[in-house]
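*Asks:* Dock chain Z against chain S, hints included.
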Amino acid sequence: TQLLEQSPQFLSIQEGENLTVYCNSSSVFSSLQWYRQEPGEGPVLLVTVVTGGEVKKLKRLTFQFGDARKDSSLHITAAQPGDTGLYLCAGRFYNQGGKLIFGQGTELSVKP
Amino acid sequence: KAGVTQTPRYLIKTRGQQVTLSCSPISGHRSVSWYQQTPGQGLQFLFEYFSETQRNKGNFPGRFSGRQFSNSRSEMNVSTLELGDSALYLCASSLAARGPDTQYFGPGTRLTVL
Chain S
1 TQLLEQSPQF
11 LSIQEGENLT
21 VYCNSSSVFS
31 SLQWYRQEPG
41 EGPVLLVTVV
51 TGGEVKKLKR
61 LTFQFGDARK
71 DSSLHITAAQ
81 PGDTGLYLCA
91 GRFYNQGGKL
101 IFGQGTELSV
111 KP
Chain Z
1 KAGVTQTPRY
11 LIKTRGQQVT
21 LSCSPISGHR
31 SVSWYQQTPG
41 QGLQFLFEYF
51 SETQRNKGNF
61 PGRFSGRQFS
71 NSRSEMNVST
81 LELGDSALYL
91 CASSLAARGP
101 DTQYFGPGTR
111 LTVL
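Protein sequences appear in the order of chains S and Z. In terms of the numbering used here, the first sequence is residues 1 to 112. In terms of the numbering used here, the second sequence is residues 1 to 114.
Rather than coming from a laboratory, the hints here were simulated on the basis of the structure. Any given hint could be a false lead.
[Claimed, not checked] Between beta-carbon pairs, the in silico distance windows are:
| no. | chain 1 | residue 1 | chain 2 | residue 2 | range |
| --- | --- | --- | --- | --- | --- |
| 1 | S | Gly97 | Z | Arg67 | 18 to 28 Å |
| 2 | S | Gly98 | Z | Arg67 | 27 to 37 Å |
| 3 | S | Ala78 | Z | Gln54 | 15 to 25 Å |
| 4 | Z | Pro61 | S | Gln14 | 36 to 46 Å |
| 5 | Z | Ser27 | S | Pro39 | 18 to 28 Å |
| 6 | Z | Thr20 | S | Gln14 | 15 to 25 Å |
| 7 | Z | Ser79 | S | Gln14 | 23 to 33 Å |
| 8 | S | Gln14 | Z | Arg67 | 29 to 39 Å |
| 9 | Z | Phe69 | S | Ala78 | 20 to 30 Å |
| 10 | Z | Thr20 | S | Asp67 | 26 to 36 Å |
| 11 | S | Pro8 | Z | Gln44 | 13 to 23 Å |
| 12 | Z | Arg30 | S | Gln96 | 17 to 27 Å |
| 13 | S | Glu41 | Z | Arg63 | 19 to 29 Å |
[What the hints assert, rightly or not] Facing chain Z, according to a computed beta carbon distance under 8 Å, are these residues of chain S, among others:
| no. | residue |
| --- | --- |
| 14 | Gly40 |
| 15 | Glu41 |
| 16 | Gly42 |
| 17 | Pro43 |
| 18 | Leu45 |
| 19 | Leu100 |
| 20 | Gly103 |
| 21 | Gln104 |
| 22 | Gly105 |
[Stated by the list, open to error] One side only, chain S facing chain Z, incomplete, derived with CB under 10 Å:
| no. | residue |
| --- | --- |
| 23 | Pro8 |
| 24 | Leu11 |
| 25 | Ile13 |
| 26 | Gln37 |
| 27 | Thr48 |
Where is the CB? At the ideal position from N, CA and C, for every residue including glycine.
For reference, chain S alone in the conformation it holds in the complex (with noise of 0.2 Å):
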């Protein structure tokens, strides 16, 4: 059973445009973070966001956890061609024992 859905699989877009990610779950998140991962690289941690309704910025990247903790977007403004990676939003839940569930990324490509 995929407890957290993400989406769009893939995104290519040109320099300067503007994306959303998702990320959904039936469950509740007791935290979610969002990754990023270059091609011959593990994942780098980008944001952790625990309270329902947080908005956190990192530069041109805005995230955002819905009120009911159970999905979550991120959002980049200004596409850049260095944007270009996997980003991977990563839950624990409740019930899940700690664990931390991923989703099944969002391959995006920026093109100059």
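*Replies:* Just chain Z, lined up with the frame of chain S:
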């Protein structure tokens, strides 16, 4: 401070063989988690070790096992390899891994089973 290191980086095995992968966590980190990453299934949790004890386990068959040593270094073993075990195996370390702890990932070991 050195990051998480994994050895070997690449490995080719044949069906039926067994394999051992190694992970050295960041100095001071006592928790090590292992993940399998494939194009079809994404990143899936294998198990977590903390202070030499398995604290959490994913839904993988018993052919997948692991252990952690007193210096926090960890190994995972896969016996009787199958073609479907071809994947990137990632190790992540953290201070405590309870709650929203920051996990630091290694570069992974790319395992190919022929």
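*Asks:* Does each hint fit the structure? Answer for all of them.
*Replies:* Here is how each hint holds up against the structure:
1. S:Gly97 with Z:Arg67: 18 to 28 Å: holds, 19 Å
2. S:Gly98 with Z:Arg67: 27 to 37 Å: About 20 Å separates the Cβ atoms of Gly98 of chain S and Arg67 of chain Z, which means 27 to 37 Å is violated.
3. S:Ala78 with Z:Gln54: 15 to 25 Å: Once the Cβ atoms are compared, 45 Å apart, the range 15 to 25 Å for Gln54 of chain Z and Ala78 of chain S is violated.
4. Z:Pro61 with S:Gln14: 36 to 46 Å: holds, 45 Å
5. Z:Ser27 with S:Pro39: 18 to 28 Å: Holds - the Cβ-Cβ distance for Ser27 of chain Z and Pro39 of chain S, about 27 Å, lies within 18 to 28 Å.
6. Z:Thr20 with S:Gln14: 15 to 25 Å: violated, 46 Å
7. Z:Ser79 with S:Gln14: 23 to 33 Å: violated, 48 Å
8. S:Gln14 with Z:Arg67: 29 to 39 Å: violated, 49 Å
9. Z:Phe69 with S:Ala78: 20 to 30 Å: Since Phe69 of chain Z and Ala78 of chain S have Cβ atoms about 47 Å apart, the given range 20 to 30 Å is violated.
10. Z:Thr20 with S:Asp67: 26 to 36 Å: violated, 46 Å
11. S:Pro8 with Z:Gln44: 13 to 23 Å: Roughly 21 Å apart at Cβ, these two residues keep to the hinted range, so it holds.
12. Z:Arg30 with S:Gln96: 17 to 27 Å: holds, 21 Å
13. S:Glu41 with Z:Arg63: 19 to 29 Å: holds, 27 Å
14. Gly40: holds, 7 Å
15. Glu41: holds, 5 Å
16. Gly42: With Cβ-Cβ at 3 Å, under 8 Å, it holds.
17. Pro43: Hint on Pro43 of chain S: holds, closest Cβ of chain Z at ~5 Å, below 8 Å.
18. Leu45: Interface hint status for Leu45 of chain S: holds (6 Å vs cutoff 8 Å).
19. Leu100: holds, 6 Å
20. Gly103: With a closest approach of 7 Å, the Gly103 of chain S hint holds.
21. Gln104: This interface hint holds because 4 Å falls under the 8 Å limit.
22. Gly105: Since the shortest Cβ distance to chain Z is 6 Å, the answer is holds.
23. Pro8: violated, 14 Å
24. Leu11: violated, 16 Å
25. Ile13: Violated, about 21 Å.
26. Gln37: holds, 8 Å
27. Thr48: Status holds, d = 5 Å.
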